[in-house]
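Undergrad: Here are the chains, one letter per residue:
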Amino acid sequence: MTTPEAPARARSRVLEPPSRRRTDRTPYLLVAPSVLVLLGVLAYPLGKVVVLSFQHWGVGQIFGARGPAFVGTDNYTALLSDPQFRTVLLRTVMLTAAMAGLSMAVGTAVALLMRQVPGWCRVAITCALVLAWSVPTFVSTEIFAWMTEYNSGVVNWALGMQPHNWYADATQGLAVATAVVVWGAVPLIAVTLYAGLAQIPAELLEAARMDGAGAWRLLRSVVLPLLRPLLALLTTLSVIWDFQVFNQIWILRQGAPGEDYYTLGIYSYVKAYAGHDYGLASAAAVLTVLLLLGVMVVHLRQIAKIGDTP
Amino acid sequence: MTPTAPRSAARRARTAALSLLGLAVAAVWAFPVYWMAATAFTPGAGIRAATPRLWPHRPTVAHFSKVAADPLFWRAVGNSAVVTGATVVLAMAVALGSALAVARFRFRGKGLYVAAVMLVQMVPHVALVIPIFLTLSDVGLSDSITGLVVTYLAFVLPFAVWTLRGFVAAVPRELEEAAMVDGCGRAAAFRRVVLPLTLPGLIATSVYAMVLAWNEYLFAYFLLGTPDKHTVPLWLTHFVTTEGTDYGALMAGSTIVALPVVVFFLLVQRHLAGGLTAGAVKG
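Chains as they are written, first to last, in our numbering: chain A, 21 to 330; chain B, 95 to 377.
No lab work stands behind these hints: they were computed from the structure. Quick caveat: nothing in here was measured; it's all calculated off a predicted structure. Where is the CB? At the ideal position from N, CA and C, for every residue including glycine. Treat the hints with care, as some may be off.
To be clear about the criterion: a stretch of chain A counts as covered by chain B if any three or more of its residues have a C-beta under 8 Å from a C-beta of chain B, and this derived list gives those stretches [as the list claims (entries may be wrong)]: (1) 129-142; (2) 146-154; (3) 159-168; (4) 199-211.
One side of the interface only, derived from the structure: several residues of chain B facing chain A at Cβ under 7 Å [to be verified]: (5) S113; (6) G116; (7) V127; (8) Q215; (9) I239; (10) V243.
The following block holds chain A by itself, in its conformation from the complex:
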């Protein structure tokens, strides 16, 4: 009569006390090193950026002649009233939407395709994706630069339009940058979603099929809702990564992008280094973080929830 309860009670006696009785210090000791590193390398410098954004920092301050002076919100006012900044912001948002949107759409499509093809074909796709995944962005950008080279680019040749300068027009140049980003991002998204698809219980799909659901209906009403947390996580990461895109554009333009190529990252970098205006550059950085935060709040809650359910 007590059999079903006895093991449970025994277990709770063995396990619960250490974590319940008094405040257990183990979890805090376990997270302490990572908190330390994150505080030292990310939070403290980030705090510095916030302080810098309220100061005037120019060549004089760098060479130590005068200390930095607090200037209130001058940097932010200057930034927000600068038409160039608004153009750059709009460009960054559109570019992020294109990059993250395409990455997610293509990644999801590839993951679904991988479920449908025979084993040998799946192996071929996986190998190709893994190959692309492991190439450094620096290298992949150089490869794409080489493939779109004016005279002997293989892409120009394949499209029958050589010679062609992809970078004379920023729209085309940024399209190449988008291609580099999407090409590099799809493997992680596709492989992760494929693994997620594999976790969906077969009975669930079978039951829906028995109820007369077609392939499209199955996808919309069963598969995608189940993948929602994963899709949210991947979208969040993509937006975060693509919003700060720098390397691809910087390297494609060989370290000298024209103003038509400026994203927020490049804008603040140019302001900071070429213009020696660290205050303004920091203000741009703070605004970037705030913008991302605003977009992410919804997803962050979902992610915190996933992280919280052990």
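With chain A held as given, fit chain B onto it using these hints.
TA: Relative to the frame of chain A, chain B by itself:
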């Protein structure tokens, strides 16, 4: 029998069409990598040909010899190996602890910690270049490999903690409990039960850390001044000059750089996605 025949024919046609599409996808993703390797083997004169050949005509290893003959290249490989090794080992130790805390314990501020870990990823790296440089100078770690490792550690951690959390959470609690009922302490139960079962996750996560540390360009560019301390991606930029790019040597160097990562990736690719997905779908 007869009514199923056309259906199975239709199904075969569908499978064939999808396989073809699959092969096209594989080709698109593999081609740039192939093109890198093909260019690396193409003799100097053939590289700039107006009509590119899809496979190298009279392949040569001249570009590879050029790369290997540079003592600074080997120096850079050594530096990259040290930076990557240190980053991977430290990141795994630190991240495993955190993952364990998040997956197995309830504690005050856990939600905050998880959100904060995700949050730090949002900070644009470009924005952090200057303050990280200043911070490292304050503690005497500017232009040093140690400074670079600490920086990479911070960038690896969020993703590593997240991924490992999934792997730890996937180990059934009952196994740990059984070990504890059998007389293991919590630490021993962890070492004997959770650690071995989390090993695939640790391998997968260390590949992620390895890729980041081996490939990172931006911070290495800003934090390392002395050419002696340069990592491989920095060394590769020598081939990109204002007079033009030596694509043959650049692609040969890139092939050598990408090779170790590709090999590791292929070895562990089965485990790669597990951590991200574990618990995210079932939950």
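Undergrad: All the hints need checking, so say for each whether the structure fits it.
TA: Right, here's what the structure says about each hint:
Taking a C-beta to C-beta cut-off of 8 Å, the segment 129-142 of chain A contributes 8 residues in contact with chain B, enough for the three needed, and the coverage statement holds. For the segment 146-154 of chain A, the proposed coverage by chain B is satisfied: 9 residues have a C-beta within less than 8 Å of a C-beta in that chain, meeting the threshold of three. Taking a C-beta to C-beta cut-off of 8 Å, the segment 159-168 of chain A contributes 8 residues in contact with chain B, enough for the three needed, and the coverage statement holds. Beta-carbon proximity to chain B at under 8 Å applies to 4 residues in the segment 199-211 of chain A; the threshold of 3 is reached and the given coverage holds.
The beta carbon of S113 of chain B comes within 5 Å of a beta carbon in chain A, closer than 7 Å, and the hint placing it at the interface holds. Hint status for G116 of chain B: holds, given a least beta-carbon distance of 4 Å to chain A, under 7 Å. A cut of 7 Å between beta carbons decides the hint on V127 of chain B: the least distance to chain A is about 5 Å, and the hint holds. Residue-level restraint check for Q215 of chain B holds (minimum Cβ-Cβ distance to chain A is 6 Å; threshold 7 Å).
The interface hint given for I239 of chain B is violated, since its Cβ lies 15 Å from the closest Cβ of chain A, which is over the 7 Å cut-off. Taken as an interface hint, V243 of chain B does not check out: its beta carbon lies about 10 Å from the nearest beta carbon of chain A, beyond 7 Å.
When the structure is compared with the earlier hints, violations turn up for hints 9 and 10 and for no others.
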